[in-house]
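For the record, the sequence lines run as chains Y, W, E and G. Be aware that the first sequence starts at 836, since it is given in the numbering used here, and climbs by one per residue. Be aware that the second sequence starts at 4, since it is given in the numbering used here, and climbs by one per residue. Be aware that the third sequence starts at 2, since it is given in the numbering used here, and climbs by one per residue. Be aware that the fourth sequence starts at 159, since it is given in the numbering used here, and climbs by one per residue.
Derived by calculation from the structure, the hints in this document are not laboratory data. Just so you know, not all the hints are guaranteed correct.
[As the list claims (entries may be wrong)] If you only want the chain Y side, here are some residues facing chain G, beta carbon under 7 Å, derived:
| # | residue |
| --- | --- |
| 1 | 851 |
| 2 | 1055 |
| 3 | 1059 |
Computed from a prediction, not measured in an experiment: that's the story for all the values here. The beta-carbon is built from N, C-alpha and C at its ideal position, and this holds for glycine as well.
Listed below are the residues making up each chain.
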Amino acid sequence: MATHDEIEIEVLRYHPETDSEPSYRTYRVPFAHETSVLQGLQYIKDRLDGSLTFRWSCRMAICGSCGMMINGVPNLTCSAFLREYHPGKLRIEPLAHLPIERDLAVDQTDFLEKLASIQPYIIPAESKAVDEGPFTQTPAQRERFYQYSECINCLLCYAACPQYGLDSGFLGPAALALLHRYNSDSRDVGKADRMPIVNAQEGVWACTLVGYCSEVCPKGVDPASAVNRNKVISTLDYFFRFMAPRGASE
Amino acid sequence: MQIVQTDVVIVGGGGAGLRAAIAVAEADPDLNVSLISKVVPMRSHTVAAEGGSAGVVQTEDSLDSHFYDTVAGGDWLCEQPVVDYFVANCTREMVQLEHWGCPWSRKDDGDINVRNFGGMSTARTWFAADKSGFHILHTLFQTSLKYASVHRFDEFFCLDLIVVDGRCQGIVAIEVATGEFFRFEARAVIFATGGAGRVYPCNTNAGISTGDGMGIAFRHGVALRDMEFVQYHPTALPGSGLLMTEGCRGEGGYLVNKDGYRYLQDYGLGPVDPSPRPKAMELGPRDKVSQAFWHEDRQGRTLETPLGTAVHLDLRHLGRAKLLERLPMICEMAETFLGIDPAEAPIPVRPAVHYTMGGIWTDGDTATNLPGLFAAGECSSVGIHGANRLGSNSLAEIVVFGKVAGEQAARAARAAPAIDARATTHEAEASMQSALALLGQDGDQRLADLRDTMQTAMENGVGIYRSAEGMQTACQTLEKVRNDYSRVRLDDKSRAFNTEWLTVIELGFTLDVARAMAYSALQRTESRGAHQRLDGYEKRDDEHFLKHSLAYAVADAPPRIDYEGVVITKLPPAERVYGGMARQEGH
Amino acid sequence: MPKRSNEPVFWALFGAGGVVAAFVLPALIVVTGLAAPLGLPSPGVLSYERVSAFAASLPGAAFLFVVISLSLWHGFHRIYHSLHELGVHRGLSVVRVLCYGTALAGTALTAYLLVTAI
Amino acid sequence: MAVRRPYVRPMAGWWRRNPFYIFYMLREATSVFVALYALQLLYGLYTLAVGEAAFDAWLVSLRHPLFLVFHGVALAAALLHAFTWFNVAPKAMPVLYLGSHRVADRTLVWAQYLIFAVISVAILGVVLGG
């Protein structure tokens, strides 16, 4: 690593075995033009303090492991660079609104349970044997759900959502975006099964369209649009549910 | 120690592990499946695969053609009956993924679209833009949530197998969040633990690709096959090793040296065509394209970059619209990591370690030679990749053989004898004690230093081109690192979420994998596929080495290297020919 | 099955009010709050006769009803949620009754005044 | 034996932590002025029903500097509300297609500004010009 400069990184530390609450610790880290924030943390762990705990894996912004708060903003540390913060310093904290497991690692179980609850899989109209070949799906049909399928489950949007922070019962941006992804897929007919989740207070109705979720999404998914389009869908369903003929789709 | 009684344990939550879990659940919903992964499944390295997955689908294509390309691509070190099964089942599995929701890219009429890939005679690579692995993994993960019999143990680190009476009867794992030990008693175990790219310093792999399953199996006397064949992907970013998919070249990208010259024409891959010709130029197999870089580099025709020499991957002529449709993530990565717009400027690339062709020996049904243990995916060597894997065969492999592993393990679990709880407890206690000893040990060695020394030794000695002298040096260094490993000292002696501790355990596995690679390489005195020598063994030697290597662990000594024959049924060994003279099967 | 929320009723009123407030209020505030009191461009913009005639006309009454009532629903819905965000917790609380009660009472009063004016 | 003891951070003062949140709260605060202005109109309507004297007294009261300031702030709030409302409206609308071409969010935002301009000119023109 061609080292050009040093930067100060302040890290929130919390150890469940010994600490009653988190506290900050500061490290000085050398960096080059291409050094990512993640590599800065790896430097600390390799050379300064092996006990610093954080998750990482792919280093290319697709596995969704390394989301953290960098100077108060949710971000993937593998694709943020130390040079962007120099000559200032960095304050790195675990993703906001999620319980801290240890240091920079948060507890993800709540999201995983919510993801499972939305039935995130194709519910087909009728079972089709593999031998019958693939479903036909035009590029236009695919485009109707595709952006929502690009969610990497990094939880940055949960760290961005104050409503989730205030009430973790809220299903949250990513789970609702994925719910919308399946409801919008031409191969799926599971919408009726998923609408009760949407219609609940903990579904779309806990959202006040802060909009920060879409702002911080590293993959250009727009969870806010998924949630708020479903408010319209849920509202229409609320008023017109008794008028629609019950049958095929129920 | 906590105890979990289950029927089938699957270690690894990537594509192969998830496909296996679904297969068990579909084969027999009464079987309890424990899916153990050191990360939450969608973080697994399958997520990073970009280009796509092979499956014959076009009318002018044929299974024979896919078979031929795979066997020739593997320099004939492939188990031909297994390849036969593989090519016959790829498309089926791609369709299955489609039914489960995988957003494959489509043609205008709504049919599946396919792209060209290196070493393939025709376009047969199914793709979801350039996030194929990501979409496959998330499709499998989300689909797996349907099955009530699949119980996930996310962020559980597999420490060891439990082997009693010559039979695999479970595993020992550490719950990462607490550091608590868990004993999983199972009638069948599937390893789907992925590759070992982290043996090398510059690789395309995720941090978790540390060869854990290979290392664990190896220590229990299971053979590691063909470990000397390590694939360098020709187009990775200098320094970081981040992958620029072969799909870039499948879509028509050029590789040029510092003079702007498409140098691959000088390495038997010509003629130069303006648009992609299968199996020629940039669509050559990865081993040959990476080797061509090495020669260009030696002759001073590469570019100097701050992070090492490179050539240019030039996509400009494809146009912005096509780049954004077919290669959006490449555009995004080039922008993020290099500040380059591929529609405006070429991308500097160089080879980086990408894939372990070898792995845990299995038969064509994914059974290892340890009863009760199965293996699938990159950690395994089921026999389809030979000496060089073709791009897009590995995503197909994880689903084709993940399914086989699930079905076979389900069958084995139903037939298995009762578990001897007393003996498994004893075995598990021993594993736990050795892990705790690592945590407590005092010493003067720093983890990162040991890792760096190992990786550098492998890159220098067991790289794209190899010599006896270099490999011997690497072996010596590895033995020294192994020795120093017992004096590693941890900063963190606590139990909860102690990633330093787990990384040390991983390094132990990685180190064993590195040794299997280096010693296997040293003893193969020929050049074949990804194993190329410079010291008088530049030619393929079918007479002596049309054989798989088998590395076995030996207590306190280097691995023992054995050999076994290659099963050849319909395609006898011949010269590998690419470029204008290449055989285009099925055309 | 999760319990269905009645929020669509309030959200629909909030949304309709948001549209009205966005498109109409700026100009209306200029007229009633700034131009008329300042006598711009001339005194008498909001003369009793003029406003009475407007309020007594069907379109005028409808306009005033829509603007006043929906703005109330919009405003108090948001105020209610903001109070929650500032730590006042939701539920059938006093706050809720106060917020939506004001909007409802305002709507009723507006309707009454307009009906009697016509 | 280690146990999980996840630490939950407090939310107090959350909206001061990020400029985005501060702007959001500003957006939400516009509702106070929307509501107050509506009540103010309602009161005007009430005086209209009581009679000319009461209505004129209300008109006179509007000239008080405090009321002028209030309406100035309310105008700013209404404009901020309009700006933020137009920007996020495409997120709640169903996706629109013209033929097979998806209408861009930006187009929808500009269309709203156009409508806003037409309505505003109409109100100002009718009331002030007529």
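Now the hints, each set against the structure:
1. Interface restraint check for residue 851 (chain Y): the shortest CB-CB distance to chain G comes to about 4 Å, inside 7 Å, so the restraint holds.
2. Proximity of residue 1055 (chain Y) to chain G is violated relative to the hint, the smallest CB-CB distance being about 13 Å (cut-off 7 Å).
3. The closest approach between the C-beta of residue 1059 (chain Y) and any C-beta of chain G is roughly 5 Å, which is under the 7 Å cut-off, so the hint is satisfied.
Checked against the numbered hints above, the structure violates only hint 2.
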